[in-house]
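Undergrad: Read off the chains here:
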Amino acid sequence: MRKRVTIALAGNANVGKSVIFNYLTGLHQHIGNWPGKTVERAEGTLHFKGYTIDIIDLPGIYSFSTYSLEETIARRYIVTEKPDVVINVIDASILERNLFLTLQLMELETPMVIALNQMDMAKKKGIEIDVKRLEDLLGIPVVPTIAIKGIGIFQLLEKAIEVIERKVSVRPSEIRYGKEVEERIIRLAEALRNIHSPYPPRYLAIKLLEGDEEIEKEISRENPKVVALARRLARELEEIHGHDRSTIITSERYMVASRIANDVQKITTPMKPSMGELLHSITTHRILGYPIMIFSLFSMFYLTFTLGNLLSEILSEYLYGLEPLLISLLGKGIIERLIWGGIIEGIIAGVTIAIPYIAPFYLILYLLEDSGYISRIAFLMDNIMHKMGLHGKAFIPLMLGYGCNVPACLGCRIMETTRERILATFVTTLVPCAARSVIIFGLVGRFLGIEWALSLYILNITIIFVLGRLAFKILPGEPTALIMEMPDYRAPHLKTVLKQTWFRLLEFIKIAFPLIIAGSFMIKLAELLGLLRVIADFLSPVTTLWLGLPAISGIMLIFGVLRKELMLIMLATAFGTTDFASVLNPVQMLVFTIVAMFYIPCIATIAALVKELGWKGALIITTVEIIFAIMLGGVTQRILTLVFGLTK
Amino acid sequence: MTRRNDPTMKRMSERLGNYEIPLTALKDGEAGIIMSISGGGYGRRWGFEKRLADLGLTPGTRIIVVKAAPFHGPIEVLVRGSRLALGRGISDRILVKKEERCGRG
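So the sequence lines, in the order shown, correspond to chains F and D. Taking the numbering used here, the leading residue of the first sequence gets 3, the next gets one more, and so forth. Taking the numbering used here, the leading residue of the second sequence gets -4, the next gets one more, and so forth.
Everything labelled a hint here was simulated from the structure, so no lab data went into it. Mixed in with the good hints there might be a few duds.
[Stated by the list, open to error] Keeping only pairs whose Cα atoms sit at most 25 Å apart, straight-line, the calculated DSS-like set for lysine-lysine is:
{"id": "1", "chain 1": "F", "residue 1": "K161", "chain 2": "F", "residue 2": "K181"}
{"id": "2", "chain 1": "D", "residue 1": "K93", "chain 2": "F", "residue 2": "K126"}
{"id": "3", "chain 1": "F", "residue 1": "K181", "chain 2": "F", "residue 2": "K334"}
{"id": "4", "chain 1": "F", "residue 1": "K134", "chain 2": "F", "residue 2": "K151"}
{"id": "5", "chain 1": "F", "residue 1": "K84", "chain 2": "F", "residue 2": "K219"}
{"id": "6", "chain 1": "F", "residue 1": "K126", "chain 2": "F", "residue 2": "K181"}
{"id": "7", "chain 1": "F", "residue 1": "K125", "chain 2": "F", "residue 2": "K161"}
{"id": "8", "chain 1": "F", "residue 1": "K161", "chain 2": "F", "residue 2": "K39"}
{"id": "9", "chain 1": "D", "residue 1": "K62", "chain 2": "F", "residue 2": "K389"}
{"id": "10", "chain 1": "F", "residue 1": "K274", "chain 2": "D", "residue 2": "K22"}
{"id": "11", "chain 1": "D", "residue 1": "K62", "chain 2": "F", "residue 2": "K274"}
With these hints in hand, go ahead and build the complete structure from the sequences.
TA: In structure tokens:
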């Protein structure tokens, strides 16, 4: 029988952890969330030397504090689930900073192996590392790797198995701090000897001195005296060092990391800056940076849309061609119409969005991210995002929103705090996605002129700023600011990018498809039962009296919940013409489009909102947007009627 | 953007005699030694001081300002071999002692 073991991957962000994960697991992986959290959990399995190995990719973190969800999750996983070995992936080109986390892992006294990754990048930067010496200093096996080329991965795995097989042979060195701190750690650890905790006593002592809230809470339940002692000792330290306790411990730990790094690495600054360095300077340049960004983003959207349109058309043609087949099977009747219109058309709708648009979109996005460009965009856009109470990182989901709101909402996870996540998600749903752009261009752009379409975009951006600002003021809590690493540029690892795209696509399908299909089914059923007219009549006070639209547009508003671009198609079917100018006046077109732009997140987006924020959050955002859109539509209608009336 | 009542700014001017200046006062390419990071009440909830410390911005650490993004944007710095972008508000709260000899490394 195969033995089952668990390996956890831990390390900073941008060190190539996911590349190693993908190498090890191939397509045998599962991406989900940590129970009850919006932090991604990637798991996979692999068979090696008679073992079945479960691999867990822990979130990329810089430390084990309890300020961020990711850090808490990673720490708790290591101490409670006790993986057989932790592979600590570290970036050889930023050794000192990476060792900071390594030291904390060692303090958790978990069996570990170090993957000294990105050796090629280090070399390019003129950094030479004495691997043997590092191994000796840490007392932990170190395997040099270049993950993107697959170099060293096999050895890494072998080493990990070796550690699992003869556990005792690895003897991590004890990390010693400065005299004043060390004395107090030892004293505290002594007092903690008999405490029941999954954490080792020395770790608890350090964390108590540091003032880690979670650990403090845990220990004070068992022995409040020790916590009091820790506070006193920490105060003494604060007096000696003149900094707060947490800073003291962090500094001390960095001192150790720095000592080790200086001991094992030799740095010779290269004569001329590397390509990556040059590229960085240009893409973050105060003048050149912006046109480059606009050009890149524009190309990205242009590429996805042209490619998407083409693919979508081909796919639709094929898929809609299936209807006669169904008719021949079931005959032309109410059941056929329900199955076709309700279920199959729902699936087709999903497929013709997911494959042609979402897939290439994700692909390009991950290429940009993996290369490191996304963080440069966040750097350039930070200030502008501050105007709506967010920081630079929020620009990324916002930008995604122009493609599709669903990945954009999921992308808001990169924000640090819940407050920021809510804010970013809300703002994101206001961004006109590709489907809404179809309406803007297909109706206003085509019949009133491109300048009107563009002014709608400007109106949209203005409203995003205003509503974002408002939500920023209303939501309780403190705004965070940008603290972001800008990793060195590198060629993206295509396989990892493709896998990321694939798993994202699956996630999208899982979230969006059930609701799109259920929604189409309900609406088709309503249509067949003749309920649509009833609903439209019910809505007519709003649609005709307040918004000044034809009564039939109520039906469009219902269909739009499924897919926004359906509104335009429905409009054409309802009026029996695509020459909308003959059935709608300019004011109606503008009002219709404005309402379409804001009135409700589509059903797939609502699903994403539920997933990210829960039912309550999704409900609030949806309600706010419905009310806002109707208000705005009505007011616009009145203003425009006045203006158009005057100019006529 | 001067905030006269801002405690950080006030402390800054008091300390000017010790040559402690906010990071934002360094020009592109200049380096400094971090003396202290203090948000006053700012950032307590999300722990920005801790976050910075975890990234290696601890007292006594050398920090190089590479450049500032335009329109009062974030500042690009090099710390312990890594490249970071720090928001302007944060950079205002990092007090440094300017290194006289210029140069990178």
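Undergrad: Determine for every hint whether it applies to the structure shown.
TA: Hints versus structure:
1. F:K161 / F:K181: Not satisfied, since the Cα-Cα distance of roughly 35 Å exceeds 25 Å.
2. D:K93 / F:K126: violated, 30 Å
3. F:K181 / F:K334: Roughly 87 Å between the alpha carbons, so the hint for F:K181 and F:K334 is violated.
4. F:K134 / F:K151: It holds: about 22 Å lies between the C-alpha atoms, which stays within 25 Å.
5. F:K84 / F:K219: Holds: F:K84 and F:K219 sit about 22 Å apart, inside 25 Å.
6. F:K126 / F:K181: Violated: F:K126 and F:K181 sit about 38 Å apart, past 25 Å.
7. F:K125 / F:K161: It holds: about 24 Å lies between the C-alpha atoms, which stays within 25 Å.
8. F:K161 / F:K39: violated, 33 Å
9. D:K62 / F:K389: holds, 21 Å
10. F:K274 / D:K22: OK: F:K274 and D:K22 at ~23 Å, within 25 Å.
11. D:K62 / F:K274: holds, 19 Å
Comparing the model with each earlier hint shows violations of hints 1, 2, 3, 6 and 8; every other hint is respected.
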